[in-house]
Every structure is written in structure tokens, then in C-alpha cells.
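Trainee: The residues making up each chain are set out below.
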Amino acid sequence: MDCKPTYEELAQKVSSLENRLGQAGLEVKDLKIREIEHAAILANIPLFVIIVDQERRVKNISKTVFQITGRSAETHIGLRGGEALQCVHHLDDPNGCGFGPSCLTCTVRQTVQDTLNTGKSHFKVEAELSFLDDELTKRNLLVSTALLKIPNKNALIFIEDITERKKGEKALKEQKDFLNALLETISNPIFYKDANGRYTGCNRAFENFIGKSRSQIIGKTVYDMGPKKIADKYYKKDAELFKKPGKQRYEWKVKRAEGELRDVIFDKATLHDAFGNVTGLVGVVSDITERKHAEDLVRDLSQRLIQAQERERQMIACELHDSIAQNLSTLKLYCSRLFKDQSSTESDIKDLLTDASKLLDQTITAVRDLAYDLRPRSLDDLGLVSALEVFCEEFSEKNDIMVDFQAAGIHESTLNSDSQINLYRLVMEGLNNIRKHAAASKAIIRLVGSYPDIILRIEDNGKGFDVKERERSIVNEKRMGLRSMKERVNLLQGQMSIHSHLNKGTEIIIKLPLKDKQ
Amino acid sequence: MDQKKRILIIDDHPLFREGIKTIIQGDSRYEVIGEAGNASQGLKLARKLKPDLAVVDISLPDMSGFDLIRDILKYSPDILILVLSMHSKVDYIVKAFQAGASGYLTKESAADMLINGIEHTLKGDYFMDPSVSQQVVKKLAELPDKKPGAFVKGYDALTSREQEIMVLVASGMSSQKIADKLFISPKTVDNHRSRIMQKLNVSNVIDLARHAAKLGLIDLDLWKE
Numbered sequence: 255m256d257c258k259p260t261y262e263e264l265a266q267k268v269s270s271l272e273n274r275l276g277q278a279g280l281e282v283k284d285l286k287i288r289e290i291e292h293a294a295i296l297a298n299i300p301l302f303v304i305i306v307d308q309e310r311r312v313k314n315i316s317k318t319v320f321q322i323t324g325r326s327a328e329t330h331i332g333l334r335g336g337e338a339l340q341c342v343h344h345l346d347d348p349n350g351c352g353f354g355p356s357c358l359t360c361t362v363r364q365t366v367q368d369t370l371n372t373g374k375s376h377f378k379v380e381a382e383l384s385f386l387d388d389e390l391t392k393r394n395l396l397v398s399t400a401l402l403k404i405p406n407k408n409a410l411i412f413i414e415d416i417t418e419r420k421k422g423e424k425a426l427k428e429q430k431d432f433l434n435a436l437l438e439t440i441s442n443p444i445f446y447k448d449a450n451g452r453y454t455g456c457n458r459a460f461e462n463f464i465g466k467s468r469s470q471i472i473g474k475t476v477y478d479m480g481p482k483k484i485a486d487k488y489y490k491k492d493a494e495l496f497k498k499p500g501k502q503r504y505e506w507k508v509k510r511a512e513g514e515l516r517d518v519i520f521d522k523a524t525l526h527d528a529f530g531n532v533t534g535l536v537g538v539v540s541d542i543t544e545r546k547h548a549e550d551l552v553r554d555l556s557q558r559l560i561q562a563q564e565r566e567r568q569m570i571a572c573e574l575h576d577s578i579a580q581n582l583s584t585l586k587l588y589c590s591r592l593f594k595d596q597s598s599t600e601s602d603i604k605d606l607l608t609d610a611s612k613l614l615d616q617t618i619t620a621v622r623d624l625a626y627d628l629r630p631r632s633l634d635d636l637g638l639v640s641a642l643e644v645f646c647e648e649f650s651e652k653n654d655i656m657v658d659f660q661a662a663g664i665h666e667s668t669l670n671s672d673s674q675i676n677l678y679r680l681v682m683e684g685l686n687n688i689r690k691h692a693a694a695s696k697a698i699i700r701l702v703g704s705y706p707d708i709i710l711r712i713e714d715n716g717k718g719f720d721v722k723e724r725e726r727s728i729v730n731e732k733r734m735g736l737r738s739m740k741e742r743v744n745l746l747q748g749q750m751s752i753h754s755h756l757n758k759g760t761e762i763i764i765k766l767p768l769k770d771k772q
Numbered sequence: 003m004d005q006k007k008r009i010l011i012i013d014d015h016p017l018f019r020e021g022i023k024t025i026i027q028g029d030s031r032y033e034v035i036g037e038a039g040n041a042s043q044g045l046k047l048a049r050k051l052k053p054d055l056a057v058v059d060i061s062l063p064d065m066s067g068f069d070l071i072r073d074i075l076k077y078s079p080d081i082l083i084l085v086l087s088m089h090s091k092v093d094y095i096v097k098a099f100q101a102g103a104s105g106y107l108t109k110e111s112a113a114d115m116l117i118n119g120i121e122h123t124l125k126g127d128y129f130m131d132p133s134v135s136q137q138v139v140k141k142l143a144e145l146p147d148k149k150p151g152a153f154v155k156g157y158d159a160l161t162s163r164e165q166e167i168m169v170l171v172a173s174g175m176s177s178q179k180i181a182d183k184l185f186i187s188p189k190t191v192d193n194h195r196s197r198i199m200q201k202l203n204v205s206n207v208i209d210l211a212r213h214a215a216k217l218g219l220i221d222l223d224l225w226k227e
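Chains as they are written, first to last, in our numbering: chain A, 255 to 772; chain B, 3 to 227.
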């Protein structure tokens, strides 16, 4: 009986059992808490979490999946992974997910199967799955797997949906490609620099503009590009912009790679990071040399237009006053003499009338010549070719320069009146130049229709000149002649070339585009 | 006495019209039956009044006098036309006679010669102002060597397309190249080329180029003495 436990011993046992019970109760409570935690995680984790058995049938699944499938949790249990996720291919084979032809290459399936077979874990494997929502949508996924060793070697699968991110990346890449293409296509030179003034990039136009390749530009500052004196000026402009961030625009003169000086406009703006700090600048160069040149030309041209108009008026005034008004006054004198001198004999009157008639003839001729200079009527009445023939003939007679005029292939009905008057004036100016400067005895004029152009050649056998020398002095001298011919040709969008050698005559070839009659 | 000859005056200058009217009315053989200040009115009156003779100015506000003469004669070929013009250039005179006029008088000579001119014209003669006849004869005298060469006439007969092709052929371009440039087939180019050669009466490209140079179409020294 001694072996019967004493009361103390029993009490001890009871107390230890109580302890163990308490501990077990605590453990159960702990487990309960963990279970609640796990359920909460599964319900709220922004990932597809799926636990599958060896046959890849769903044992548990996170709530995120329901958002795509639109079904409740229980209905997923026991389905194969693909079916649970609504993969379009689980319908390919009557046996369901894993048996269709596409399943052989399905990355999701292979990854999961590998973990089930070998116990190996996988981390963020990229995969694509086609879902059957309202319509077929392809989703980009990242799949991670791990084997749960107990109790039944189930596999834990995490699937991250990165479709939106991929879309964003794709759009970003397209935008970047577009911007790149734009930068490379645009004819304006463009560059960008960091906050230290180092070039971080440029387009092809900029490479051409400064005559250096991108690799010679990127990472360099203006001080690596040219003499310090010029670099200082650029640096100062950049510094001004960095000091007062925003936009900057200024005109500048730039020496190009070939040494040519160009007028440009710089348009620059500062670049900023997310916090508004200046990280660099971008600049666009616009070459305005041609525009400036054109502006100068227009200014110069209108000035000379006014001068020419004044000269013309002066000529008309002079002619009217000196010749025509004088003659008419004289005639008036004759008339009053006829009225007053009653005593004069019949022969006196006859003489007077003869003089008056002569004077009248002169006046008529003067008026007609004047009118003809202003606008050759013959052009309207006879047409271009005959009018030029008449002009050349008269020019020959007046100036003792033989003019050989020949026209061919001119279909006058297709020439508009602007072209006609311009061709007429070009011949007139050309011959007047020859008369004034060439000391020639012969001139040749050829007018040839050569569709879609008209070719006019004006040649003389005079003393000629150095073409280059003349072209240089033409710009400075305000003389008309060749220059006004050239301007007329330019206005008509034609081309004019001059060939001349000292003592070997001059040849001017003009090619005008034929403007059809409207 | 014969019936008075009926005369129509077409001139846009009222005072001048008045002047010649006075001269004509001063002669009992003639009467002025109408006056017009522009071509369309003149044509209307000519058809309505059927004058024996019309005195016509060349420079009219609405139409060239040359065209007016043609129009009058188209409807009434019997009307005789005497041109009375400011112009004394030979080309004007030639054009007037080509249009069908029977007489030509400059306005300067009108005071002295008008009656004379009307008289001759009505008789059925051609009449020309003595002050311009000298010029006309001179021009006629030098005509033979001023006559344009046959190749100018040939070139005048080319169409725009043929002109376009001729200069390319003459500058030595192959049919294939011309075809590429003008977006037509080489066969079409060849067709054009043979038509051009036919019109210019040449048999090879060298002669064609020579013609082109003579015309001034392509570069070649024109000063060959």
C-alpha cells in the first residue's frame, strides 16, 4: 500500500496537470490567434495566394482571386489552379487544367509542378496567363512557389499581377521612342546639360551644327568646346538661367564648324526633379540667318523701289516740263502771233504754220515715246515676240549695236501678261547694260521656250568683266543694271547666270519657270 | 451725182473723232453715219448700219483693233476698213493688213491724208500712209535674210512635252533616264524623240544637239565667226 501515492503526490500531479492544461489552453488560444491572423492575411493580401495539393487542386485561396473570378471562396476549393484562376485554357481539354496543348508550355503550371516534384522554391518567375473575363485579357504575372513539407506536401503559390505595370512600362518606352525619333528628326539643334553645365545629350542636328559627334559632346562643358573667351559668354548665359529658373530666349551669333557665322536664337528652359530642384537645362537653337538676310533684303529692296519710283517720276516730270510743256508754250506763242499780227503776209503765215506743224509733230513723238517707255503698247497689241523684235530693231538703229534677235518655241497664248512684261523688261535692261557698259558692236538675244521653263540668253561681244569681282562690288554699289535683273529673276523664281571674261564679251543666261495663264 | 458714201468712225478719243468727222463732212462725197467709242459698240453699229467704209483705231479700250477688224469682216465682208492709228511701227501695219484692212494711216498724217486715204480705199485700192511706206519697204527689203531658219519653224511646232524632252535628249540623256525623270515609259520617250526629229527634220542626236545650241536651248559658243 506503500506504493499508493500520497496526497501530496496526487496534489502535485493535479497541479502539474492543471499547468499542462493551462498551457495547452494557451497554445490553442495562440493557434486560434494565428489562424485568425492567417485568414486576415489571405483575405487582405494584394496577391493571389493559393495552396494546392499534389494534384494541384486548390486547398485554400486568397480573396483577391475572387475579384477576377467573381465567385465565392468555397467554390474554388477542389478546382485545379488554372480553373480557379479562370485561365482560358482549362477548357481546352475535357480533363481540365494541365491537359490542354497550351498547358505544356504554361510557365505557371511548370513552376508549380516543379515545386511539387522536387520541393524547390521559385521566386518571381515571369509568366503570362490569358483570362476569360468579359473578354479575353492577357495578364502578366510574377509567380513564386514554396513546398509546405507538412502535412501533405502541399504547395504554396504567390501570384503577383503586373499587367498594369507592364502596360505602363510599354507606354513609357513608346513615348521615349517617339521623343527620340522626334529629337532626331527635328532640324533644330537641341542639347541638354546637367546643373554643372555638362552636356548630357543632344540630337543629330546639334552634332552637325557644332561639327562634333555625340561622344565628343556628352560629359563636356562649353570650356571643352572652344576658346575660353567664347565659353565664358555661354557659361554666363547658363548661369543666369540657373539663377533664375524658367525660360530664357536670346539672339546670338555662332561660328559653325566650317567657320561660317550664323545668326541664331537660343530657347532654353530649366529641368527640375520631383522636388522642384533644378537638375539641368534643355536648349533649342533656331538658325535665323536666312530670315535675317531676307529681312535685310526686303528692307533694301523697298528702299530702292522708292528710289526707282522717284527716278521714274523725275524722268516723266523732266520730259513733260522740258520738252512737251515747252513745245506747247511755243505753239501758244505762234497762235497769239497769228491772231495779233494782222499785218503779216500770207507767206509769213504759211512759214509760221509750217513751224507750228513741225513742233506739233515733235510733241506728239515725245508724248508717244514717253508713253511707250512707261508701258510698251506693242506688248498688248502685237504679243511678246513681235514687241521684242520691234524693240531690238529700234535699239539697233538708235545705238549702232547690231542686235540679232531670235525667238523659238514661244507659245504666246500660254504666257501670262506678267511673264511677258518681265521678259520684255529683262531684254530691255540687258540691252541697256550692253549700251552703257559693254562697248559692244553686236548683241545676240535668244528667247526659247523649253517647257516647263523659258530660256533667255543675252550675249554681247564687248569688253566683258570679272564676274566675281563684279558680284562683290554689286552688293556695295547701289547700281541697278545687273543687280535689278537678278532681282527680277529671283522674284520670278528663276535662275540667272553670268559668264564673262575680260575682252571676250558677256553671256547672261536666264531660266524662268513658265507660269501658265490663269 | 452719186449717192454719198457712208462712213462709220470707231475711235475712243471723242475730240479726235470730232476732228476727223469735220474733215470728212467737209467733203460733199462722204457722210458720217455713225460713231463708236469702243470695239463692241463699233461692231454693233457696223452690223446695223452697213457702212461703205469704217475708220478704225487700233488701240481701243475693250478689244484690240486687229480683232475688231476680223469680227467686222466676218459679219459684213463688204465693209472696207481704213485703220487710223497712233502707231507707225511696221509690225502694226503688217498686222492690220493681215486682219483684212484695206488702208493704213497714222494719226499724225490724218489732217493731210485722210480724204486721200478714204478716196483710194473706197476705189478698192490698198492705201498706205506715205510717211510709213518707206519703213515698210525697208523692212521688206531685208526680209529674206531675217527670215527665221527652218529649224525655228520646226521647233515652234513642238508641243510642251516635246520641248521638255528635246532639251534632255540634246544634253545627252538616255531614254531610260528621261523616262525616269518624267515618270513615263522609255518607249514613250522614244516615240516623242522620233516625232521631234521628224518635226525638226534631223536624222541623228548630234544634229539635234546642234539645232538646240543654235536655238540657245543648250550651251554652246554662239560666236562662231
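Take these hints with a grain of salt, some might be off.
[What the hints assert, rightly or not] As a list, the in silico DSS-like pairs of lysine-lysine whose alpha-carbon atoms are at most 27 angstroms apart: (1) Lys696(A) - Lys6(B); (2) Lys140(B) - Lys612(A); (3) Lys201(B) - Lys769(A); (4) Lys769(A) - Lys758(A); (5) Lys140(B) - Lys6(B).
[To be verified] Just so you have them, the derived chain A footprint on chain B, three or more residues with Cβ under 8 angstroms: (6) 18-31; (7) 81-93; (8) 154-160; (9) 175-187.
[To be verified] Coverage of chain A stretches by chain B, computed from C-beta distances (three or more under 8 angstroms per stretch; other residues unrestricted): (10) 514-524; (11) 556-566.
Worth flagging that the hints you see were computed from the coordinates, not collected in a lab. From the three backbone atoms N, C-alpha and C, an ideal C-beta is built for every residue, glycine too.
Trainee: None of the hints should be skipped; say for each whether it holds.
Mentor: Here is what the structure says about each hint:
Simply put, Lys696(A) and Lys6(B) have alpha-carbon atoms about 56 angstroms apart, too far for the 27 angstroms limit, and the pair is violated. With a C-alpha separation of about 24 angstroms, the suggested pair Lys140(B) and Lys612(A) falls inside the 27 angstroms cut-off, and the hint holds. A hinted pair counts as satisfied when its Cα atoms are at most 27 angstroms apart, and Lys201(B) with Lys769(A) qualifies at roughly 26 angstroms. The suggested pairing of Lys769(A) with Lys758(A) is violated, with an alpha-carbon distance near 34 angstroms, which exceeds 27 angstroms.
Between Lys140(B) and Lys6(B), the direct Cα distance comes to roughly 38 angstroms. Violation of the 27 angstroms bound is thereby established for this hinted pair. Check result for the stretch 18-31 of chain B against chain A: violated, 0 residues qualifying (beta carbon to beta carbon below 8 angstroms, three or more required). Counting residues of the stretch 81-93 of chain B whose beta carbon lies closer than 8 angstroms to any beta carbon of chain A gives 5, which meets the minimum of three for the stated coverage. With 4 residues bearing a CB less than 8 angstroms from a CB of chain A, the stretch 154-160 of chain B meets the requirement of three and the coverage assertion stands.
Judged by the Cβ-Cβ criterion of 8 angstroms, the stretch 175-187 of chain B is not covered by chain A as claimed, because only 0 of its residues qualify and three are needed. Against chain B, the stretch 514-524 of chain A contributes 0 residues with a C-beta closer than 8 angstroms to a partner C-beta. That does not satisfy the three-residue criterion, and the hint is violated. With a threshold of 8 angstroms between beta carbons, the proposed coverage of the stretch 556-566 of chain A by chain B is violated, since 0 of its residues qualify and at least three are required.
Going down the numbered hints, you'll see the structure goes against 1, 4, 5, 6, 9, 10 and 11, while the others check out.
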